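Visitor: Respectively, the protein sequence lines represent chains A and B. Oh and the first sequence: position 166 is 166 in our numbering, straight run, nothing missing. Oh and the second sequence: position 63 is 63 in our numbering, straight run, nothing missing.
These are calculated hints, taken from the structure and not from any lab test.
Under the rule of at most 25 Å between Cα atoms (straight-line distance), these lysine to any residue pairs were calculated in the SDA-like manner:
1. B:K121 - B:T87
2. B:K121 - B:D188
3. A:K185 - A:L422
4. B:K6 - A:L253
5. A:K301 - B:V12
6. B:K6 - A:L266
7. A:K242 - B:K6
8. B:K121 - B:Y53
9. B:K6 - A:S319
10. B:K6 - A:Q269
11. A:K375 - A:T362
12. A:K185 - A:G55
13. A:K242 - B:N80
14. B:K6 - A:E312
15. A:K242 - B:D78
16. B:K6 - A:S322
17. A:K242 - A:Q308
18. A:K301 - B:K6
19. A:K375 - A:P222
20. B:K121 - B:F85
21. A:K242 - B:F85
22. A:K242 - B:P75
23. A:K242 - A:V255
24. B:K6 - A:W393
25. A:K242 - A:W397
26. A:K301 - A:G373
27. A:K242 - B:R9
Model, not experiment: these values are computed from the prediction.
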Amino acid sequence: MKSIESAGLMSTGQVIHGAVTLEYTSVENFADEVAAGIASGSRFAGLLGIPSSSGGKTISAVMAHLNGMYTLTSIECARGRSYPSLTGVVSTADWYEHKLAEQCHVFATGHHMVKDLFLTGRNTPRSARSATGEGLFTIHYGPVRSGIYESVGYELCTPGEDLPLLVVHPGYKHRGIERSMTGRKFDEAVQVAERVEGVGSVAHAITYCLAVESVAGITIPPRAGLLRLVHAELERIADHIKVAVMLAEAAGLAVANARFSYELELVQQLRATLSGSRFSRGVVVPGGVAAPRCSPEDAMKRAAYIRQLLYEDASEAMSTPSFIDRIRYAGVLDAETAYRQGAVGPLARGATPGTDVRSYGTMPLAGAYIQAGFKGERSAMGGDGLARQQVRWEEVWDSFFMVDRALGLLSGTGLDGSWRELLPLPSGLGFGVFESPQGECMYLVEIQDGILTGCNIRPASFHNLQIFPLMFNGDIFTDFAFNEASLEISPAGAAL
Amino acid sequence: MAWITKGLRNGVLATGYPASVPGWLEGTNDSAGDVVVVRDGWIPERKFRRSLYIRHVDAGSDGSVEMEIAALLNPLYDVNRLGIFFTASPRHADMLMVTGAGVAGMIESLRITYDAMPFPKVVMAVGSDTMTASPSGTDGDSFHVRQGDDYSRSVIASQVPVDIFVPGDPPSPLAILHGILVAMGVVDASSTADAVGAPGA
Numbered sequence: 001m002k003s004i005e006s007a008g009l010m011s012t013g014q015v016i017h018g019a020v021t022l023e024y025t026s027v028e029n030f031a032d033e034v035a036a037g038i039a040s041g042s043r044f045a046g047l048l049g050i051p052s053s054s055g056g057k058t059i060s061a062v063m064a065h066l067n068g069m070y071t072l073t074s075i076e077c078a079r080g081r082s083y084p085s086l087t088g089v090v091s092t093a094d095w096y097e098h099k100l101a102e103q104c105h106v107f108a109t110g111h112h113m114v115k116d117l118f119l120t121g122r123n124t125p126r127s128a129r130s131a132t133g134e135g136l137f138t139i140h141y142g143p144v145r146s147g148i149y150e151s152v153g154y155e156l157c158t159p160g161e162d163l164p165l166l167v168v169h170p171g172y173k174h175r176g177i178e179r180s181m182t183g184r185k186f187d188e189a190v191q192v193a194e195r196v197e198g199v200g201s202v203a204h205a206i207t208y209c210l211a212v213e214s215v216a217g218i219t220i221p222p223r224a225g226l227l228r229l230v231h232a233e234l235e236r237i238a239d240h241i242k243v244a245v246m247l248a249e250a251a252g253l254a255v256a257n258a259r260f261s262y263e264l265e266l267v268q269q270l271r272a273t274l275s276g277s278r279f280s281r282g283v284v285v286p287g288g289v290a291a292p293r294c295s296p297e298d299a300m301k302r303a304a305y306i307r308q309l310l311y312e313d314a315s316e317a318m319s320t321p322s323f324i325d326r327i328r329y330a331g332v333l334d335a336e337t338a339y340r341q342g343a344v345g346p347l348a349r350g351a352t353p354g355t356d357v358r359s360y361g362t363m364p365l366a367g368a369y370i371q372a373g374f375k376g377e378r379s380a381m382g383g384d385g386l387a388r389q390q391v392r393w394e395e396v397w398d399s400f401f402m403v404d405r406a407l408g409l410l411s412g413t414g415l416d417g418s419w420r421e422l423l424p425l426p427s428g429l430g431f432g433v434f435e436s437p438q439g440e441c442m443y444l445v446e447i448q449d450g451i452l453t454g455c456n457i458r459p460a461s462f463h464n465l466q467i468f469p470l471m472f473n474g475d476i477f478t479d480f481a482f483n484e485a486s487l488e489i490s491p492a493g494a495a496l
Numbered sequence: 001m002a003w004i005t006k007g008l009r010n011g012v013l014a015t016g017y018p019a020s021v022p023g024w025l026e027g028t029n030d031s032a033g034d035v036v037v038v039r040d041g042w043i044p045e046r047k048f049r050r051s052l053y054i055r056h057v058d059a060g061s062d063g064s065v066e067m068e069i070a071a072l073l074n075p076l077y078d079v080n081r082l083g084i085f086f087t088a089s090p091r092h093a094d095m096l097m098v099t100g101a102g103v104a105g106m107i108e109s110l111r112i113t114y115d116a117m118p119f120p121k122v123v124m125a126v127g128s129d130t131m132t133a134s135p136s137g138t139d140g141d142s143f144h145v146r147q148g149d150d151y152s153r154s155v156i157a158s159q160v161p162v163d164i165f166v167p168g169d170p171p172s173p174l175a176i177l178h179g180i181l182v183a184m185g186v187v188d189a190s191s192t193a194d195a196v197g198a199p200g201a
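For reference, chain B alone in the conformation it holds in the complex (with noise of 0.2 Å):
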């Protein structure tokens, strides 16, 4: 009963989306204003735009990208709102969201957790990681991959066919929750975090 009082009493607490873009993103090594990167030709399927059901696959991330991803769940950003939700059965899911450079050990899972999956489908790369050769996604010099980079080396990217990269080692919710809604159609690939609008906030 304490619990239910406590909830009530606390109210909603989720954040409009990204009309309210704190000044801990800005400048950060998160990526928060960076673009999305999308497959060349890629087209937003529409049937997605109301509603999101998302398998995820740790391809061999370093564990951070999870905590970020499920901070999406948190009271602050609470994606269910806008139709998003994580599902346990890769034959229910709409998109396939992958973490971690792709290591020898998960690349059958990977493949299996794809082919398992109905069309239309979208898969969704989050993390520099996922964007390079190295296991530790330290590829070069930089952590920092930003748009016009070259990604051709990706590991996920030759195992399933990436649709959506989104950047940041890890990238912060905030854009995840952009590269999510940049699959959905609801805002533009071109579009940063902090231009876009506010939808269902």
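Just chain A, with the same shape it has in the complex (with noise of 0.2 Å):
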């Protein structure tokens, strides 16, 4: 890929990596032209900046394509200086162009920025948009919140029973996790990016290590492709298993709350067993990855005893009317409205088809997901709270048949032998996406002499938690609970 430094002076023109395009635009054109990628079926996948050689910004609006493409429209703008907003366009923009300027000191024209969205230990954020009508009143309910939840503030703007107003303050734990990469050796930052959502360790890890690959320019051995999809696979069992804990716990049903926790526990342990990690870190690493500490022969024979538990209490869980009821009709994102927003993940797929990373044949890691015989994308078409968890229980079976079928090809060849390919130092413009088990994840790095001199993180919470207040459509009060955990993001991602 070319260089963001010899490509910093680039006003307009195209450069063709792999499964992604960037394409320079003029700054006065560049709102129209995502216009007209969102009007020609394109996604807005996230709006990007990366240094550039100019001292400022070269700001890329990711469009994600059917056929599994990617073009970055980019644009240069310098520090201090402007560029149109996007959020005419699409409205998730929002939260991409507040970080720009609270993190980048590069501003959007026409936004409505009011105060600082991140950086909240500054500043107490308060709503930019407002509800109005007889007997409302707003609840602030975070950023510390009855539970074990991570922090993330809300405000509840209610009559008493619906809720025509929810505002989210994502900032409240912002880490600059994006900072902490910068400047680190590009084999070191992997260990970061597996901290950039807990829950989505590995996911993050390999979306790294993609881009890191791509500017290197190597491929890695089959069986470490293997090897990431099983971790990638677990932990998307493991997350979309914790989805269920929390539904249950809502709805007040102890008994599944417990039995799927328990599930949850045994595949954490399982991920133990076979990493050394609970949540598989120092697993994926670029190039390859660690070597299993277990023989993929004992993995599988527990990975079936898991799948066998939890499908007897997931059939019983959808059959029991006092949970279904409760998901039923809640939280409806319709598809148009997930298409418009560029949702990804469950979220999305429970409307409509098309954001799974893991089904485009341009992917890296394709070929692994063919030979551990990937069926296809699920989605369903609801788009309410039944339908996104029908989405998540057919991926986990799904996980279970890859995870199966990738150990039993890796039980022949036995744990001794290179699991890595070793990197030369990488120079360039690195782009990686992956699919998180909350949605399409995306990195781009910018790396010199193995340094990496500039990351741009977009976690799949941090575009779907701006969609969440879309989801209350006519929803009361009692449905908060269902809502938020049927949306599966961390906030950890949001708040980056």
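Each of the two chains sits in its own frame; use the hints to bring them together as a complex.
Guide: Here is the structure:
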């Protein structure tokens, strides 16, 4: 891929590398090109910024196409200068533009920005929007909430039952994780990537490594791809079970809650057996993976046992009226809204297909997924909590199937031998994308002689949490817990 | 009805603590065998020995620690049997359980929560990132924080008086439970998670 340094002065033009195309355009045409992309069926996947040689930022609107290709529609913007806001084209550009202004000092003209959204240590955020009506009052919920939750703030504006306005404040636990990665060696930074979202450690590590490996131009050993798949799918199983735990808790189903949390624990123990870490940390490294710590045969037996337990309980839950009636028609995100806002993950697939990165043939791990028998993207039509839960269960069974197949393929190879390729010191701009349990995860990294000089992370949680307020279409106060669980986001990923 | 019979059929799943430390904890980076780090001169409050109510505050974690803390409530660990409960109100809490490195946006909330808690109270910081000054928990070159390490740069400790640190990134549920039992005075701080008795098991 062409280095951003050499591309820094480019005002128009095109750079193609693998599944990614950088299209440089003029500042004046930026919003129009993004709007044209959405109108032609592409999905707005984010707005990223990387330092440019001119001292400002290269701002890239990431457009995902149905054929699995990505286009970075990019402009050059000097520090302290402005570019046209995209919020008029797609409202989920809002937080991206906030982030660029607060952390990169490039500003969007036409943005309603009134306060810092992420740097809340200096400013207490206040809502830019408002609702009016008789008897309305606002409840500030968070950042510290009852129970064991990550910190995130909500403003719930309600007359007592329905929620005409919900405002999310994601920035309380902003950690500056992208800054923390910058300046590190490329092989050390993967440890930080694993900690962007604890619940998505493997997915983040894989996405980061794909970005680095695209710069280095290497291909990992086939069995390393299979082991990455095993850990990524075990993580997906764990996170999807976690949603079931939260939904069962919200529905007051104590036994279902206990059963799902027990099965979640068994998955975490299996991951620890296989990798030495309950979150599979330290497994995915640039160039490959660390060797498994137990035999694939043992892991297959345990995975099959967990699947059997989980299948019985999931079947029971999905036929229990007090469970499914609470999520049916709750948190509806219709297909049009999901597409227009660029929703990703099971949140989107509950309403419309086309966002599962694993189904893209252009993805570097596509070969491993084909070998493991990936059955294709799962989606539903309803757009409500029940549809999303059906998608998640289907994904869980698919993941168990692929884990079994991949471990079976690995069992014949033995644990000895190389599990990774050595990377030369990479230099250039790299783009990585992978399907985390929460949805599409993206990394745009700039590396100079093996040192990260720029890093932009777009977890699914960052994008989807913006869409949360749009899921309350007539839903009432007591639906909040179900909708939040069904959203399946990590505030750590949203706050970065 | 089906759920009730399912619950009865499966019976009690809780493990003894930690009489049956499974092999999956050994040699992991979860610090299961590490000792917790206690503040010099700290003495466990005997009133907490039979009952402890915990208020959790996330001060900038990556979310994995919360998952491990929540795991304490699953049937395998079932901390309620040991008199350990999580409470929604700091007014009802005996322990402040802090996670995360102490990011700027959460400092005020952390202080307010601590101030709202009645005496006697104990503060336990969970996770290696609570012992660092780095938002990502990546202070220096290592994620492994052990007894004798310098944790004087802990942002959390500069804001609230931390009595007990539980290292690990994240620490396993068993390591967190070990730290809680140290806070309750049930086990000694110098003991390791796989060397103590089995209270209540």
